[in-house]
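Keeping their order, the protein sequence lines are chains B and V.
So in our numbering, the last one in the first sequence is 386, and the numbering has no gaps at all.
So in our numbering, the last one in the second sequence is 562, and the numbering has no gaps at all.
Derived by calculation from the structure, the hints in this document are not laboratory data.
These numbers were taken from a predicted model, which means no experiment stands behind them.
Errors might be hidden in some of the hints.
Listed next, the in silico BS3-like pairs over lysine-lysine satisfying Cα-Cα at most 25 Å (straight line) [stated by the list, open to error]:
id: 1; chain 1: B; residue 1: 44; chain 2: V; residue 2: 199
id: 2; chain 1: B; residue 1: 197; chain 2: V; residue 2: 142
id: 3; chain 1: V; residue 1: 510; chain 2: V; residue 2: 531
id: 4; chain 1: B; residue 1: 128; chain 2: V; residue 2: 142
id: 5; chain 1: B; residue 1: 260; chain 2: B; residue 2: 314
id: 6; chain 1: V; residue 1: 221; chain 2: V; residue 2: 510
id: 7; chain 1: V; residue 1: 142; chain 2: B; residue 2: 116
id: 8; chain 1: B; residue 1: 197; chain 2: B; residue 2: 260
id: 9; chain 1: B; residue 1: 241; chain 2: B; residue 2: 278
id: 10; chain 1: V; residue 1: 531; chain 2: B; residue 2: 29
id: 11; chain 1: V; residue 1: 467; chain 2: V; residue 2: 221
id: 12; chain 1: B; residue 1: 314; chain 2: B; residue 2: 241
id: 13; chain 1: B; residue 1: 44; chain 2: V; residue 2: 467
id: 14; chain 1: V; residue 1: 264; chain 2: V; residue 2: 221
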Amino acid sequence: MPDYTLRIRRYNPEVGEAAYWEDHTVEMKSHSSVLEAILEVKAKQDGSIGIRCSCRAAICGSCGVRINGKPGLACNTHLQVAAARGAEGEPITVEPMGNMPVIRDLIVDMDAVHWKKIRRVVPWLINKEPIPEREYIVPHENMVDVTQSMACIQCGACVSDCLSMEVDPGFIGPAALAKAYRFVGDPRDAEQYERLKDLAEDEHGMYDCTHCFNCIDACPKGVAPMSQIMRLRRIAGTDHKIEDRNNGHRHEQAFVKNIKRNGLLHEADLLPDSYGGKLHPRAAPELIESMPVAMKAMARGKMTPGKVLLHPHKAPAEVKQIFKTIEGRPKREELNLYVSGYENAEERGDLAHVPHADDPTPLNPPEPPTAAASAPPAEPEGGDSI
Amino acid sequence: MPSHDVLVIGAGLAGQRAALAAASAGASVAIISKVHPIRSHSVAAAGGINAALNPEDSWESHAFDTVKGSDYLGDQDAIEIMCREAPDEILYLEHIGVTFHRDETGHLGTRAFGGASQARTYYVADITGQAILHVLYEQLMKHHGQLDRYEEWFTTDLLRDGNGHSVGAICRNLRDGRMQVFDAKSVILASGGAGQAFKPTTNGLIVTGDGMAQAFRIGAKLMDMEMVQYHPTTLAENGFLITEGARGEGAWLLNAAGERFMEKYAPNKLDLASRDVVSRAEQTEINEGRGFPDGTVALDITKVPRKRILEALREIVNIGRDFAGVDITREPIHIRPGMHYMMGGVKTDSYGETNIPGLYAAGEVACVSVHGGNRLGANSLLDTLIFGRRSGEHAAARAKLMPMPSTPASKLVDAEASIAAIISRPAGGRRIAAIKDELGTTMNGYCAVFRDADGLAKAHEIVRRLKEEAATASIDDRGSVFNQDVIGAIELGYMLDVAETILVAAQERKESRGAQFRTDFPQRNDAEWLKHIDVAVNGGDVPKVDYSPVTITRWQPQERTY
Numbered sequence: 001m002p003d004y005t006l007r008i009r010r011y012n013p014e015v016g017e018a019a020y021w022e023d024h025t026v027e028m029k030s031h032s033s034v035l036e037a038i039l040e041v042k043a044k045q046d047g048s049i050g051i052r053c054s055c056r057a058a059i060c061g062s063c064g065v066r067i068n069g070k071p072g073l074a075c076n077t078h079l080q081v082a083a084a085r086g087a088e089g090e091p092i093t094v095e096p097m098g099n100m101p102v103i104r105d106l107i108v109d110m111d112a113v114h115w116k117k118i119r120r121v122v123p124w125l126i127n128k129e130p131i132p133e134r135e136y137i138v139p140h141e142n143m144v145d146v147t148q149s150m151a152c153i154q155c156g157a158c159v160s161d162c163l164s165m166e167v168d169p170g171f172i173g174p175a176a177l178a179k180a181y182r183f184v185g186d187p188r189d190a191e192q193y194e195r196l197k198d199l200a201e202d203e204h205g206m207y208d209c210t211h212c213f214n215c216i217d218a219c220p221k222g223v224a225p226m227s228q229i230m231r232l233r234r235i236a237g238t239d240h241k242i243e244d245r246n247n248g249h250r251h252e253q254a255f256v257k258n259i260k261r262n263g264l265l266h267e268a269d270l271l272p273d274s275y276g277g278k279l280h281p282r283a284a285p286e287l288i289e290s291m292p293v294a295m296k297a298m299a300r301g302k303m304t305p306g307k308v309l310l311h312p313h314k315a316p317a318e319v320k321q322i323f324k325t326i327e328g329r330p331k332r333e334e335l336n337l338y339v340s341g342y343e344n345a346e347e348r349g350d351l352a353h354v355p356h357a358d359d360p361t362p363l364n365p366p367e368p369p370t371a372a373a374s375a376p377p378a379e380p381e382g383g384d385s386i
Numbered sequence: 001m002p003s004h005d006v007l008v009i010g011a012g013l014a015g016q017r018a019a020l021a022a023a024s025a026g027a028s029v030a031i032i033s034k035v036h037p038i039r040s041h042s043v044a045a046a047g048g049i050n051a052a053l054n055p056e057d058s059w060e061s062h063a064f065d066t067v068k069g070s071d072y073l074g075d076q077d078a079i080e081i082m083c084r085e086a087p088d089e090i091l092y093l094e095h096i097g098v099t100f101h102r103d104e105t106g107h108l109g110t111r112a113f114g115g116a117s118q119a120r121t122y123y124v125a126d127i128t129g130q131a132i133l134h135v136l137y138e139q140l141m142k143h144h145g146q147l148d149r150y151e152e153w154f155t156t157d158l159l160r161d162g163n164g165h166s167v168g169a170i171c172r173n174l175r176d177g178r179m180q181v182f183d184a185k186s187v188i189l190a191s192g193g194a195g196q197a198f199k200p201t202t203n204g205l206i207v208t209g210d211g212m213a214q215a216f217r218i219g220a221k222l223m224d225m226e227m228v229q230y231h232p233t234t235l236a237e238n239g240f241l242i243t244e245g246a247r248g249e250g251a252w253l254l255n256a257a258g259e260r261f262m263e264k265y266a267p268n269k270l271d272l273a274s275r276d277v278v279s280r281a282e283q284t285e286i287n288e289g290r291g292f293p294d295g296t297v298a299l300d301i302t303k304v305p306r307k308r309i310l311e312a313l314r315e316i317v318n319i320g321r322d323f324a325g326v327d328i329t330r331e332p333i334h335i336r337p338g339m340h341y342m343m344g345g346v347k348t349d350s351y352g353e354t355n356i357p358g359l360y361a362a363g364e365v366a367c368v369s370v371h372g373g374n375r376l377g378a379n380s381l382l383d384t385l386i387f388g389r390r391s392g393e394h395a396a397a398r399a400k401l402m403p404m405p406s407t408p409a410s411k412l413v414d415a416e417a418s419i420a421a422i423i424s425r426p427a428g429g430r431r432i433a434a435i436k437d438e439l440g441t442t443m444n445g446y447c448a449v450f451r452d453a454d455g456l457a458k459a460h461e462i463v464r465r466l467k468e469e470a471a472t473a474s475i476d477d478r479g480s481v482f483n484q485d486v487i488g489a490i491e492l493g494y495m496l497d498v499a500e501t502i503l504v505a506a507q508e509r510k511e512s513r514g515a516q517f518r519t520d521f522p523q524r525n526d527a528e529w530l531k532h533i534d535v536a537v538n539g540g541d542v543p544k545v546d547y548s549p550v551t552i553t554r555w556q557p558q559e560r561t562y
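Extracted from the complex, chain V is given alone in its bound form (with noise of 0.2 Å):
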């Protein structure tokens, strides 16, 4: 049976660099990934890193903008530690190859991104998560001999012991559907957003809230889950992502009748203002008739010279031609906004530490909070790595202290019978692909840009309904081998309890604030909602809902324009 010191759950860029990390500050580690770790869904962050590493720069100007950017709900102690970081974390990954864009002077070069008051985006032209993610996965390689790979297994419990510490996981081999204890002294939750419980999404079909349930169930709890990020410019048929760096570069966003919409919305940051914001002015267009017939609005990357384009935004070039048929370097292309990124996660101390002794979140799985309402582009980045860092290093520190826990053969006999159990269910109940569709189709129509109380109550007694056929949904593969069939109907039951959490969450917050717009309250309300909104497991029934304060160190919260 595996033990190791440190066990990484997820092998995204949080997860490898807290395996790093725990590795360095000498514990034993394992990290392990459902999918190859090059697989998971940093690869697909497009636009760059933020940091203040130009000494024209300073990383309070970037903490005010990412508490800016936040709403004012971002915890201003956890967006300093973040901020003031930054620039060494950026020169780590340069040494270890990272192959960031330089200036004519042969020194990082920066870009422009939104709701930053500086350019201070570093970058490897239109593939800086996929960038980063391989050389990170160079150094695993490298390191291989304190860091244990478990590549393809899929997590399916979290273990407490009898003092509620987190001791480990139970995971199943895809390969052979054998399952396995992994006894650690810490655990980090690595595993990402949920973006899958919405459609549509710019997330990867492997995105499905895993850790934010199985974190849930075991009793840690879930903070800022309303706040859910519409990113301002998706494809309209498939919701793929155009990146941020598109406006960095200078692209424009147009209404149907060829108006530069956004200086009416946001007169001094016009394209780049934060996402929320450019979000709303884009729905507000479209839903007021000044969109397209598809409903959307339109992006005019020609503005950028052409060889920039092909230099710097390579990727949505191929985008826009393989996904909308689109040569993006000769006319605009229709976006509109679309499901991104959750705010909301595990809550977390800032090195990582849940609620659960021993239990530890890093990146979009957890909320330290440092994006609060509305994240920067380029921060998720930063946050990862950051908080995956230190995450590793505290449950390294944390490791030294504690006895290797020996979790009884009971609990995985009673994993593999629960497993067992979906895979034999009788034919005849709904689809899982069905069941998510509508999940999906739902939360995008109800939980959106903007939503009132009606909208999220309907939307909560679907999902409720959901849940039940969801408990008698049958599957076609009765096998062993790569059985993606029982894996897609566990990570159905994590989606819709993290559709739960948010539609609990939206319905508790009545004003809007950052990714969160309520038409039936559509003022902040700093007297009585300046707070986050904790939610927690309550048996089977609806999470219930706590409070806690949110942290103000040196800004106090001002009117948000851009």
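If we strip away everything but chain B, and leave its shape as in the complex, we get (with noise of 0.2 Å):
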């Protein structure tokens, strides 16, 4: 078996000194986890190196560290994955997460940061009146669908690493964004839309993820609470015409019908439309805050007057058939990873149907579980829609 060396942060308040690292070699197998070697160290060398953890197998969320730079469970990230990401011959080093306070070596404070955040967002469900005798009757899908937020493990790992969070330690963040929308998703849920007006209306709230990535990656558990995020958002804006505070939507769709109209991006149309429209009295603070960026771009032949008015280039006939095909379609196509089965987009058919309120078509109904034993394996659906 190879050496592996440990190079573990480590922090004790009752000593009075700042945070060190330190050094351990263990002899364990490259298929072995981060934590086993941890919990070697623990049992041969050191006792005193303090780490949550119990399950061992990436379901109860207490291990999670940051190795080698990136966050994630101690206990399902193998010693020679970890060994990859660092330089030849150098120590693993394995360090409390981000964004939330050390009580001691690997352990983090997240009740001052997650749980407080996941109270936040009303974390429980507010039952639709009048509570039927018996279940709720929801759609197979729906269930399906908020099983992929439902399979979050708390672990604080999308936490450690949020950007926005770095920059705004009030941001709600993704674990409780991801959290909400299990209930916004739920159709037993009464208030669904009270709860995005909040999640839109609190300066800290869910329009300040700002898409980069980080907690995807970070996720031991497919969870994608950027997603997550992203779906809230497109429920706000679309089914409940919830203002975006930071006019993200509109942006969106200013770039959506500028395509569509065009073919090619028009920065001059792309700015007032952002802003609902030349006309609209809030466009034009915007576009005069923007005339020295114009007058430069047409002072070096960028833009010309003629262009600013009219945009000669029309949009071809592919890009004309690309937006038929989409909005052709009947129903609403979600990314998820329960519905569809497939965690990578390469596999195709991450696209999948969720009911939502305004779905013009009635459900398809899918294959009884039953019979799934006997059924030939099926394409998900959407599969060949990308």
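The task is to assemble the complex, starting from two chains supplied on their own in separate frames and drawing on the hints.
Here you go:
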């Protein structure tokens, strides 16, 4: 068995010294986990290293740490994988997660950050009334859909490396917003609109996500918090016409409109359209503010007065066809691991249908689960759409 | 000093359900857990929860399956209660938000499970325990006004007053090492099983028999301790669990020759026979040379359609990939029987009350006994919730009649001193981890699927020696903030106590029933052994043994075949 050296970040508030690094070398199988190596160090060398852990199988969510700079669970990070992240022959660094205060060694104060944010999103079902005598009747797909956010084990890895939270510690953050989707996407919840409005109006709310993808990379359970945040925004903007305080929703719509009309991006239209059109009062201050940029662009020939008013380029047939295909779909396609069953886009078909309030078509009957054993493997819905 | 009507120790499914029930009955409640509640090992329960909710099903059928599964050692009055109350419990969970799987009509859907005559297992993919645990925790957050949560507090002592009543506990705040008395009119133990006394085990590192040992030490009786469930499908290398849901969805067990060997052992139920039956069949195949060289047989999940695996068994896809390097959607995975569950525990009545007034127990720590010699898959979640709720309600009702106790400060001083004594032990003793390792290997070597008198006696001798070694084992950490080392030393003591009670009971029962298979007494012997074995503390000596009758209401023992 090869030797692995772990460089562990140590901190003990009782000692009164700053945090420091400490190396321990252990002989381990290369497919053993970083947690197993730490437990081996604790067992044989130093029992005082603090780390939360229990199940060892990526279910309990206790052992969130940063390994060679990347947040994740110590128990499902193999030593050889961790070692490959660093330079050859260098130790594997293990340090506490970020964005949360350290209590001791690898143990962070999750209650002060993570759980506080979870409590912020009213994390319980607000029942639709009347509560039925038996179960609520809800589509199979909706329950499978929210299972993706139910699969969150609250390990904090996404919180650790959330860039928005680093800038604004008040940001509700990826884990809590994914938790919010678990209720927003649950047809038994009575307050979809109120929840979304609340998350939209909070100045540290769902529009503060900057799409950096760190949470998706960090999540050991495929919850894809950022995707859940995007779905919250989409339901808020599209289904409930809730105002996006950062103008992102209108900006996105402006892009779509622009491309549909011109086939190319037309900056002179994009800006006013993002604020409701050239004549919208909201657009005026933005246009005035951007005048110096426009003047410079004209001076350098990047813009001409003619093009500002009348863009010569028109969308070609291929672009029109793309729009026609997408708009012709009878139902909304959703990105969801459990619904589609596929984790990688390369496997195709990670778009699948989740029913929602405005769905114009009735549900497709899914294959009955009991018959599944005899049915041939089916292509996921929407498998040929991308 | 905190004082509450009801103190719940442990915050897995049983503890959280008990706390919610006690609070909704109007009691002031504290729930204490050595880990954050959602880290509790209930989180790992995968496959589902049984209930006869479907109109074509009946609670009697569920109860009979449970009685038969228990090899007739389960108490039928308690089993009847559990199975009658199961449907309402499922609906309660559904109403508070558990995202149970639906069928094509939008109603609750079920999957098949071992030892059951109907598909009556309700589930959330293969994260049922996690889904229920997280939803119960949502309710704890919602009802924070009536429920005080003490997260990451470790219970060191259960307290009894001069009349012998249970009056609270002493606990240590892991975050700063501060110790405190929690006065309570009723105490509910819900601290789970003792899997870490075995190596390997499917159980998490926190599952160290705390509640069983604490109750035992203050005079509570333990029952059915010899009944240790070996789950048929665990990974060879690390003991991780592959859910029975895999076989429920259609996976097959195969030996090295590719034969579906369950045809020999359980011609009707095949792979979905009771767990004790399947585990013995596997171990027989392995022992007789029909397994793989790594001491395993194969579980072929490729029989299940890939889309269905990815929707309903995603967790074991991850486990196969991350911990065995196997894509279960494409190839069979090697498995073997592994320690999974304690049927035995603190003896209680059907309200969860123990022989100590005011002390309740629910969930794996308890033994009602609804599982008898062998628990059916998906009955453990049900057990935690039904008897968690019943304990909570009864403890709250009892609290209304009792004055608030007040424990003298001297008890806290004693408890602090005993922890300080461990921390200041001189270096040079054997390491805690080494003792624990030897304990686990010993129990798994001599007290597993097949047992005999010689092996059990040898294991008992080893455990007695390990107890002596543990008394002088030294630790590295001398601090107060998250001193996990000192907790490990205390937990080791709990595991050793529990292990000894298991070995005493296993030596005592000279027959084969349920999970206890004695190669020297290979038959079930109802004439002599249709009774529970109770074990109680006996000073520092070997625990003393007693018997109690099995309650039979309507199902007389029969020969048990699947």
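In rising order, the numbers of the hints this structure does not comply with: Those not satisfied are hints 8, 10, 12, 14.
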